[in-house]
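There are 6 protein chains.
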Amino acid sequence: MKTAVMTDEARELYSRATTASLTAQLIKRGLRTRAISNIAPVNPNTPRAFGPAYTLRYIPMREDLATGAAMSDPNNPQRKAIEVVPAGHVLVVDTYGGMDVSGTFGDILVARLRVRGVAGIISDGPMRDIAELRKMDFPVFARGNAAPPSYASMLAADAQVPIGCGGVAVFPGDIVIADPDGVVVLPAAIAEEIARDAVEQDQLEAYVRQRVENGDSIIGVYPPNEETKAAYQAWLAKR
Amino acid sequence: MKTAVMTDEARELYSRATTASLTAQLIKRGLRTRAISNIAPVNPNTPRAFGPAYTLRYIPMREDLATGAAMSDPNNPQRKAIEVVPAGHVLVVDTYGGMDVSGTFGDILVARLRVRGVAGIISDGPMRDIAELRKMDFPVFARGNAAPPSYASMLAADAQVPIGCGGVAVFPGDIVIADPDGVVVLPAAIAEEIARDAVEQDQLEAYVRQRVENGDSIIGVYPPNEETKAAYQAWLAKR
Amino acid sequence: MKTAVMTDEARELYSRATTASLTAQLIKRGLRTRAISNIAPVNPNTPRAFGPAYTLRYIPMREDLATGAAMSDPNNPQRKAIEVVPAGHVLVVDTYGGMDVSGTFGDILVARLRVRGVAGIISDGPMRDIAELRKMDFPVFARGNAAPPSYASMLAADAQVPIGCGGVAVFPGDIVIADPDGVVVLPAAIAEEIARDAVEQDQLEAYVRQRVENGDSIIGVYPPNEETKAAYQAWLAKR
Amino acid sequence: MKTAVMTDEARELYSRATTASLTAQLIKRGLRTRAISNIAPVNPNTPRAFGPAYTLRYIPMREDLATGAAMSDPNNPQRKAIEVVPAGHVLVVDTYGGMDVSGTFGDILVARLRVRGVAGIISDGPMRDIAELRKMDFPVFARGNAAPPSYASMLAADAQVPIGCGGVAVFPGDIVIADPDGVVVLPAAIAEEIARDAVEQDQLEAYVRQRVENGDSIIGVYPPNEETKAAYQAWLAKR
Amino acid sequence: MKTAVMTDEARELYSRATTASLTAQLIKRGLRTRAISNIAPVNPNTPRAFGPAYTLRYIPMREDLATGAAMSDPNNPQRKAIEVVPAGHVLVVDTYGGMDVSGTFGDILVARLRVRGVAGIISDGPMRDIAELRKMDFPVFARGNAAPPSYASMLAADAQVPIGCGGVAVFPGDIVIADPDGVVVLPAAIAEEIARDAVEQDQLEAYVRQRVENGDSIIGVYPPNEETKAAYQAWLAKR
Amino acid sequence: MKTAVMTDEARELYSRATTASLTAQLIKRGLRTRAISNIAPVNPNTPRAFGPAYTLRYIPMREDLATGAAMSDPNNPQRKAIEVVPAGHVLVVDTYGGMDVSGTFGDILVARLRVRGVAGIISDGPMRDIAELRKMDFPVFARGNAAPPSYASMLAADAQVPIGCGGVAVFPGDIVIADPDGVVVLPAAIAEEIARDAVEQDQLEAYVRQRVENGDSIIGVYPPNEETKAAYQAWLAKR
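Here the protein sequences line up with chains A, P, Z, V, G and U, keeping their order.
Each residue of the first sequence is one higher than the one before, counting from 180 in my numbering.
Each residue of the second sequence is one higher than the one before, counting from 180 in my numbering.
Each residue of the third sequence is one higher than the one before, counting from 180 in my numbering.
Each residue of the fourth sequence is one higher than the one before, counting from 180 in my numbering.
Each residue of the fifth sequence is one higher than the one before, counting from 180 in my numbering.
Each residue of the sixth sequence is one higher than the one before, counting from 180 in my numbering.
Calculated from the structure, these hints are not laboratory results.
One or more hints might be untrue.
Ranges of calculated distance between the beta carbons of each label pair, as one might list FRET restraints [unchecked claim]:
| id | chain 1 | residue 1 | chain 2 | residue 2 | range |
| --- | --- | --- | --- | --- | --- |
| 1 | A | K417 | V | D243 | 58 to 64 angstroms |
| 2 | G | N255 | Z | E262 | 48 to 54 angstroms |
| 3 | V | S396 | U | Q389 | 46 to 52 angstroms |
| 4 | G | K207 | Z | T246 | 17 to 23 angstroms |
Fair warning: this is a prediction, and the values are worked out from it, not measured in the lab.
Cβ atoms here follow ideal geometry from the backbone N, Cα and C, with glycine treated the same way.
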């Protein structure tokens with residue numbers, strides 16, 4: 180797999196669209212289950228990530244297979260994934276529904292992913308070495324903290340297969356966008372279109388927010404009726 | 180419904196009483212289930228809210244009714260509540276036990292409530308647009324973050340009815356007090372009396388804390404025996 | 180029970196070993212269930228605690244026994260524990276699996292423990308008066324916040340018995356080490372040996388991290404093969 | 180409210196359609212969230228109920244209001260609902276997400292509902308007096324058993340409002356159908372149409388089941404391709 | 180400890196009182212948290228047990244201590260409890276909040292308890308060898324089934340201490356009564372009085388049930404008003 | 180993949196060994212996490228199944244992919260698995276941690292598997308058409324009941340990959356044994372040896388049970404000391 184190709188325009192849209200507007204656009208298209216909630220950036224100063232999904236899947240551990248020694252095997256799917264996930268991709272991890280007793284990755288693996296140019300990490304389980312992760316300029320989204328290594332409760336099963344992450348289906352190549360509200364997973368075929376509409380919605384809502392801050396009622400303004408839409412167009416033209 | 184009436188004295192008590200002491204006073208009166216735990220201010224710089232409760236109730240969504248378009252209906256109970264909740268009230272939201280996959284409100288609705296003079300928002304579900312909410316000087320207490328709009332998983336059912344919020348019964352007009360320890364819901368008829376006793380308890384505990392910091396044992400001091408109570412009265416008199 | 184005796188060397192090891200490496204060393208010895216996850220320091224500026232465990236156990240409350248008045252009894256196991264836990268020990272609390280509706284301790288009890296020279300507090304339930312706790316230079320690790328006093332939902336049953344805390348068996352005298360990744364509980368007999376190996380592992384991993392930051396692949400480096408181990412020894416010798 | 184009116188044809192369809200086929204028909208129409216799972220008939224000999232929904236809503240209790248004495252109030256929404264729910268209706272109860280510590284109803288209230296000609300009871304919480312309920316020829320669907328009366332943990336708030344039951348939105352007048360697979364809630368406007376298609380699907384599946392029992396592969400047979408559909412029509416014609 | 184002493188009258192009351200009425204009597208006395216819900220007799224033909232509580236407490240396992248070999252130690256609290264729990268007592272087990280991955284007891288330990296004349300077993304965790312337990316004429320109340328022995332996830336810590344079972348505080352000597360609705364735990368000092376009132380309530384409710392079966396409304400009848408109470412007295416006198 | 184090969188001796192052992200003894204033997208070998216608890220045969224008259232595992236994996240649904248129409252695709256992993264799982268194998272299903280809102284299979288798919296000679300079905304989610312399943316002489320182990328088809332909440336992802344089922348790692352070819360206590364998953368390489376030891380343990384425990392029924396204490400008898408073991412050998416010899 181080579182480095183992810185995204186048009187510059189797509190990249191620009193993904194870098195701006197809020198997950199709040201993206202989910203609204205997804206629901207318009209009948210997709211209500213594309214967002215991971217209650218997930219947060221480990222380092223609050225790196226609150227955004229986006230890129231095509233590269234998936235990694237864990238299953239529950241078996242004591243004889245889940246050992247520190249097994250991590251030396253270059254074919255271990257976890258270690259392999261870390262070396263082959265292409266730059267620009269987001270590594271999305273299925274920790275079997277969020278096994279909360281072991282850390283998905285620690286500082287060394289995260290540092291390797293950062294050096295390799297990966298766009299970010301999403302896990303529905305905890306992270307370890309979080310004091311170190313908080314110092315890195317690299318977006319890691321996870322749920323909670325746990326000291327033990329992944330093999331305390333999990334085994335890496337395979338990579339680049341369809342997975343569930345935080346209850347959301349994720350296919351390799353889906354476009355993943357993460358911000359402080361959570362993580363949204365866009366089907367690749369409609370990702371750019373949805374992001375475009377979301378950016379437009381964000382702009383409209385910036386206008387609406389200004390109206391509301393100035394004292395306007397939300398009735399007719401949010402959602403906007405025809406009059407508000409016209410006023411918005413006028414406002415846009417004037418900018 | 181007109182703007183909430185609270186005597187100046189009541190307002191002063193509600194602005195000072197800690198939820199920790201309020202719950203102790205409630206238990207003295209046989210009320211053990213008046214506190215919402217594990218709820219936090221979205222913006223840590225606005226760590227306190229109080230006022231009479233105005234309630235809003237959600238039920239689980241139904242796909243044909245829970246749409247963005249439905250939000251344009253001026254009779255939608257959510258939109259209506261936002262325009263009619265009186266200034267000085269706290270909007271308390273029952274999200275059907277804390278549906279954690281959609282945001283109760285986003286920045287526009289919260290901005291409108293702030294402009295309208297509402298005293299704060301309490302939800303047992305997540306919020307969205309939390310990056311924006313963190314910038315507002317307005318108390319919003321919630322559980323977690325979620326990008327999707329409320330209608331991703333919920334429908335507004337009605338307002339100003341008795342609700343449950345975070346497992347606690349809330350009646351319209353109950354006095355709600357929120358601080359970093361959580362949210363306490365006081366029956367209206369005894370709210371002022373309880374707050375008065377809580378403020379007194381807070382003062383006694385400030386004295387006890389000082390004694391403890393100076394090296395005294397808690398035995399006889401906390402809870403205070405007659406001797407400690409007398410010493411406290413002397414200390415009070417001297418201040 | 181007298182003040183905990185730890186050799187200076189042990190103390191030095193416990194003050195440095197990360198919980199991440201400690202858990203890896205424990206798994207090597209067949210112990211996978213020695214870490215409490217999703218527990219955090221209430222005050223982020225006091226992110227580390229260690230010492231022998233002194234245990235306190237709660238059971239669910241019974242309304243006639245769990246009252247504020249009952250707290251005056253000097254034989255109440257909670258109050259007694261606070262006065263007798265030896266300096267240098269960590270007070271580890273079993274809140275019956277994490278009853279999340281009442282605070283384990285508030286600011287007065289925590290202040291007393293701090294003054295008495297206790298090394299820290301670990302609870303699998305919430306804390307109260309957390310605004311005050313955040314100001315203290317004292318390590319308190321807990322799960323969440325709750326305004327009500329402990330007796331809102333719990334009764335202190337006894338102290339210095341084997342307990343479960345956050346799903347982990349804790350025996351009096353076990354060595355407890357807490358940092359931002361969580362809390363690890365070491366059997367007393369092997370605590371020093373494990374801490375020594377963990378500190379060594381931490382040092383090796385600092386070297387590995389440096390290699391990775393410099394662009395090395397993790398293959399052969401983490402876990403280290405013989406070549407990497409030799410290079411590490413050379414690096415150590417040069418320092 | 181008068182006795183529920185359902186055409187004889189609708190009644191006949193509702194008495195036969197399986198909840199399994201009803202949910203498949205609902206998903207065809209974009210409605211995926213119309214079924215309550217893991218709910219079972221208390222008496223396995225009364226495994227089916229159907230009729231228009233009459234709703235009852237509980238909130239969490241407050242100790243001073245939730246007492247045995249309060250049950251004497253003829254305006255208590257629970258007691259009132261039991262006397263006014265029309266014959267032929269199904270009483271659907273929202274127990275605030277399934278409070279599992281108190282029984283929704285006991286044998287006396289259930290006996291009254293049976294005598295009054297009510298079609299059945301659905302609760303997302305437990306029942307009490309279940310030994311008695313198991314002897315009655317009356318369909319009660321619930322989750323588990325609990326000895327305490329409803330007021331041990333709940334307060335009746337109101338009736339005939341939109342509710343959630345087992346995570347499903349239920350509006351008064353919705354058609355409710357319960358069988359051993361669970362409970363399905365049909366929007367009133369499309370209930371008869373959906374039931375008709377479900378009965379047809381049940382018939383087709385009886386044919387498919389026969390084919391499968393005779394050794395046919397499911398490929399092309401289930402779901403049926405054109406050939407299988409034609410064979411089904413021929414089979415139907417012959418019956 | 181010698182065989183439990185209960186007066187013949189107390190025994191007779193405990194053998195008849197339903198847990199449904201016992202909980203109503205407890206709430207009258209301010210005790211709302213004395214019932215374990217969603218617990219069921221493993222053998223439905225032995226649906227009732229009562230007697231003074233003998234308590235056994237488990238904590239989470241530690242791999243080096245929780246082994247089959249450790250079961251040979253005659254001081255193992257589990258093994259010891261089984262040999263010393265007095266005849267006529269109910270063995271009540273705290274499985275650390277219901278660890279659902281290992282069976283509390285299997286057929287051999289249950290057979291031993293039955294032979295020893297123990298009155299029954301209550302566990303908030305699962306049982307193993309349930310096919311055998313279903314054949315025994317002995318009341319075992321538990322939650323679910325699990326094949327592994329207790330030491331797969333638990334360690335016996337001690338016996339005859341205050342415990343929590345299913346979220347309910349249980350003290351040694353409390354009177355425990357179990358029937359198909361669940362398990363109720365009565366404080367020893369008021370157990371007989373509560374049972375007497377519960378038996379009386381059961382009798383009144385038998386009368387009320389008869390009225391309701393004959394078509395009477397519940398209004399004024401349940402709860403009974405003065406008129407109904409007088410009619411009940413007349414009915415009692417006639418029997 | 181061809182029909183599973185098991186020696187006649189292995190088959191005989193697997194047909195007899197209880198899951199209770201199998202788990203004890205597994206723990207002796209350091210494997211504590213090989214049992215699925217709280218899973219039950221849908222038809223209590225088919226309480227046992229065994230055979231090599233054939234695995235099927237679901238992920239959460241995506242609305243545009245999870246439709247009834249998609250079930251017609253012969254490459255749908257669910258439909259394909261049903262036609263290719265070899266006779267004698269047990270189909271083990273990972274429903275993403277037990278999604279409890281849709282039925283894994285209904286009567287037609289189960290009937291097909293039965294006709295094809297499959298040894299049984301294990302799912303960590305619910306089943307649908309359970310009234311029909313209860314009538315079939317075929318072992319289906321599952322958790323609960325749900326009317327909706329699998330695609331209401333799930334998508335079949337792939338088959339014959341390592342999965343988690345009920346929190347237990349399952350590899351294709353592992354030996355699966357199910358009885359009323361739950362489901363045990365044996366690593367293929369040691370399955371026969373473990374089953375042999377479990378059968379022997381079952382026999383010893385039958386002897387111990389007899390001793391206990393005759394009034395012997397468990398001390399020295401269970402676990403058996405040398406004397407008991409000798410008596411057992413004598414008893415065996417006499418049979």
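Practice problem: If any of the earlier hints don't hold here, list their numbers in rising order. | Solution: Violated hint: only 2; rest satisfied.
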